[in-house]
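Engineer: Following the hints, put chain B in place on chain A, whose structure we already have.
Chains as they are written, first to last, in my numbering: chain A, 8 to 608; chain B, 4 to 329.
Because the hints were derived from the structure by calculation, they are not lab data.
Take the hints with a grain of salt, since some may be wrong.
[Stated by the list, open to error] Pair ranges (Cβ atoms, derived):
1) B:Asp127 with A:Ala349: 33 to 39 Å
2) B:Pro227 with A:Asp103: 33 to 39 Å
3) B:Gly128 with A:Val573: 38 to 44 Å
4) A:Asp351 with B:Asp161: 42 to 48 Å
In this text, all values refer to a predicted model and were calculated from it rather than measured experimentally.
Every residue, glycine too, gets a C-beta built ideally from N, C-alpha and C.
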Amino acid sequence: MPDHENHDYDVVVVGAGGAGLRAAIEARELGQRTALVCKSLLGKAHTVMAEGGAAAAMGNVWPEDNWKVHFRDTMRGGKMLNNWRMAQLHAQEAPDRIYELERWGALFDRTGDGRILQRDFGGHRYARLAHVGDRTGLELIRTLQQRAVTLGIDVFMECKILRLLKDGDGTVSAAVGYWRPTGEIVSFTAKAFVLATGSIGKSWLYTSNSWESTGDGHAMAAWAGADMIDMEFVQFHPTGMVWPLSVRGILVTEGVRGDGGVLRNTDGRRFMFDYIPDMFAAETADTEDEADRWYDDHTNNRRPPELLPRDEVARSINSEVKAGRGGPHGGVFLDIATRRSAEDIRRRLPSMYHQFKELAGVDITAQPMEVGPTCHYMMGGVRVDADTEHSTVPGLFAAGEVAGGMHGANRLGGNSLSDLLVFGRRAGMAAAEFAQGRTGSPTVDAAEASAVVAEAEAPLGREGGESPYDVHQSLQKTMQDLVGIIRTEPELRQALDALDVLEERAGKLSVSGGRAYNPGWNLATDLPSMLTVSRLVTSGALERRESRGGHTREDFPAPDGELGRVNLVQRIDADARYTLTPEPLADMPAELKQLFEEEPH
Amino acid sequence: MAEVTMQVWRGDDGGGQFAEYVMPAVEGEVVLDVIHRIQAGPAPDLACRWNCKAGKCGSCSAEINGLPKLMCMTRMDQLPEDEPVVVAPMRTFPVIRDLVTDVSFNYTMARQVPPLKPRAPEPDGTYRMMQIDIERGQEFRKCIECFMCQDVCHVIRDHEDNKATYAGPRLFIRYMELESHPLDTDDRRELLRQRMGLGLCNITKCCTEVCPEHIKITDNAIIPLKERVVDASYDPVAWLGRKILRRTKRSALEAALDAPAQREPTRLETTARTGSLAASSTPAPVPPPVADGSSERAVAGGDTGTAVSGGDTGTAVSDGGTGPGT
Chain A
8 MPDHENHDYD VVVVGAGGAG LRAAIEAREL GQRTALVCKS LLGKAHTVMA EGGAAAAMGN
68 VWPEDNWKVH FRDTMRGGKM LNNWRMAQLH AQEAPDRIYE LERWGALFDR TGDGRILQRD
128 FGGHRYARLA HVGDRTGLEL IRTLQQRAVT LGIDVFMECK ILRLLKDGDG TVSAAVGYWR
188 PTGEIVSFTA KAFVLATGSI GKSWLYTSNS WESTGDGHAM AAWAGADMID MEFVQFHPTG
248 MVWPLSVRGI LVTEGVRGDG GVLRNTDGRR FMFDYIPDMF AAETADTEDE ADRWYDDHTN
308 NRRPPELLPR DEVARSINSE VKAGRGGPHG GVFLDIATRR SAEDIRRRLP SMYHQFKELA
368 GVDITAQPME VGPTCHYMMG GVRVDADTEH STVPGLFAAG EVAGGMHGAN RLGGNSLSDL
428 LVFGRRAGMA AAEFAQGRTG SPTVDAAEAS AVVAEAEAPL GREGGESPYD VHQSLQKTMQ
488 DLVGIIRTEP ELRQALDALD VLEERAGKLS VSGGRAYNPG WNLATDLPSM LTVSRLVTSG
548 ALERRESRGG HTREDFPAPD GELGRVNLVQ RIDADARYTL TPEPLADMPA ELKQLFEEEP
608 H
Chain B
4 MAEVTMQVWR GDDGGGQFAE YVMPAVEGEV VLDVIHRIQA GPAPDLACRW NCKAGKCGSC
64 SAEINGLPKL MCMTRMDQLP EDEPVVVAPM RTFPVIRDLV TDVSFNYTMA RQVPPLKPRA
124 PEPDGTYRMM QIDIERGQEF RKCIECFMCQ DVCHVIRDHE DNKATYAGPR LFIRYMELES
184 HPLDTDDRRE LLRQRMGLGL CNITKCCTEV CPEHIKITDN AIIPLKERVV DASYDPVAWL
244 GRKILRRTKR SALEAALDAP AQREPTRLET TARTGSLAAS STPAPVPPPV ADGSSERAVA
304 GGDTGTAVSG GDTGTAVSDG GTGPGT
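So that you can see chain A by itself, here it is in the shape it has in the complex:
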């Protein structure tokens, strides 16, 4: 192994979105030498794209709201597969995390009496999302970024981590990667590592995710032997742009529906009334009149069906389009123009207004938006202890989208930003404590590091191999066509075969150009993560022979009682074999169970 740059810290956080920033802030405030390592520039992580808001039961708009109602909504939205303890901590601590952002400079939209305003969103019983217009993610990341800078946290920008290495006793001790601007190898030794690497969407063709969402953290944890749970649960957000093709997949915030927007098919019918599932029938309006009254009077009316959880809405759109009632570009119509004044729309949804105006030539104050499902969020991920976010590998913590459990089979809108804050902080805290308790100096195993580097560098020296872009496109097509929103056993098996072939192709890549800021090479080094994660998703999807939340099997359209009581736990063993075991959910305490027996009204 050639000499390379190494940096030693107490805590290293990989990923600088909301969760990574919040973890680093906590570890630093607890006195730990802390580094934050990220693939892009600071402040550009995918959190910046979150639009609608952060869910927290502050009760500023509806005093009836409290953590128990939020907890109940979250568990029901997740089809009861969530880690109940995570859902509880999340609901209890989210308000404090929001108020904390305000102390650090965030400027949330206000109520008439000067408190933080909260907005309606799918699956939340009360208006609960603290927000700033439709750019809440930007507010959140900027506030955290500015706080991290104030604290003097060391930030390693445009630095890609390839692998985690462990000490002889199995504790994670180092991370090996490279600087994107130069291509030079760099490693980090630390007493504790926090993964906060976000999502996996770049393995699908139509996604709201950026290039960074290649599942690096998911894959690195799995390669390190960590338990992965719920990998079959991928959220397809119901409303992505569908036209022009080049913007297909870009997110259209749920806030459009929260603020009164409705979904119509090509006949102009509000079709969501035709898709109200039994589980939510008691609390969903069955006439347009009642649904419309609800915006002003939550107490005496039931919620509009457009605000059902995302999995329900995405499947409904899919069915409408399949039945031939879709728009000219394969979507349905999201109409806010006939529902709210042009001024209101521009004030409450300024980003959406500009996004459609500039990218699609559509004026959303006058015309409907054509929308369809887009790969958006990964519910599954690293199995963690609810209170500490410690994975099953010592010294390895995970927070945010890379961690599994919090959202069960389906995440409610708005619960991601609050998840980042609550569990980012907890992960930082626990990592700091772990680092303080760890004795001895973590080291890099030179031979192991050399092997990682050699694998990453191979495409640079190889002649005549395939382009990483071609393999990536094949992977995206495979996952889009075979492991999308509706799944069947034959297609999932076909996907596993295709992944075998893709892995072989990925092992023989060639890239032209040098090491310095070479996106072709960067993509080649992202592909192993994408392939591993795609295999975990497909394997889980094959094994879960039921439909639940974000996972829909055409061949098993109903939920299954037995499967509703287990997580599918996947591991990659030392010989690179994938194993899958159903393991029972943790038992919920009686006082929480009670919450599900009470009537919503």
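Structural biologist: Just chain B, lined up with the frame of chain A:
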């Protein structure tokens, strides 16, 4: 099939030139889409930054036909059809490679902004702020840090030396955001006057013109800041008041002067060792000067900054597509 001709600057801090790519035209595409197709085809190693592809992250700033724009929000069908589309990196920052520049200057200046110093909360531990009082701050917080305002600011675009003592429009809106923050108790006016070069801005409004978020940088931030600084420096009543009352509020500048290097350095600066974004131990380093080659890559209009003043700015690059760098 219709085609588009792209002239993209390729090179590094040692110099470079425009390379031409002729690509099929695809309906509805933005410039970034075509760049991506070039990467997937003829030039897999073409370097550019991007993340959200929806105008929200501010990563893909470039100079398109001489004007700073986000590549993800610039539709191909809005550019002249019969001319090549010229894409060059932002000129004010040193080139790393192709369209990617070293924007660490902005992060260095951001680190020097004294953070919010909030007043005590209400008895319930939270704050009350009225919507009307935060609207100005919210305007500034729309900033996506694309750094195009910094790119077009003559103070640093044409005078590299000024970077040591000039925060630039992006940071001026940050200062104004804090100065107008209903909870803030700090005073950054002297810092702005003495160390952040507020006086160097001569209000040409180029920054406002290029802001993709339509933030009124000059009118709503820089001019009010200048007025506040003038009030603080020259108002005799305020001066007398300070003398008599021996104000207890320490200004940010006093704090900065007392403890110049208290803050731990962050890894935001370029170092010689890696040529990337590793640590430096100096508290306020000056970014390395623009290398010889990169001053040659200017695509629009010499040393007067005409690239941003509207009008016919594409002419400098329409002379055969090789650009002035060759």
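Engineer: Give a verdict on every hint.
Structural biologist: Status of each hint after checking the structure:
1. Separation of aspartate 127 of chain B from alanine 349 of chain A is about 38 Å and conforms to the stated range, judged on CB atoms against 33 to 39 Å.
2. Look at proline 227 of chain B against aspartate 103 of chain A: about 34 Å separates their beta carbons, and that is inside 33 to 39 Å.
3. A hinted range of 38 to 44 Å for the beta carbons of glycine 128 of chain B and valine 573 of chain A is consistent with their spacing of about 41 Å.
4. The hint said 42 to 48 Å for the Cβ distance between aspartate 351 of chain A and aspartate 161 of chain B, and at roughly 44 Å that hint holds.
Checked against the numbered hints above, the structure breaks none of them.
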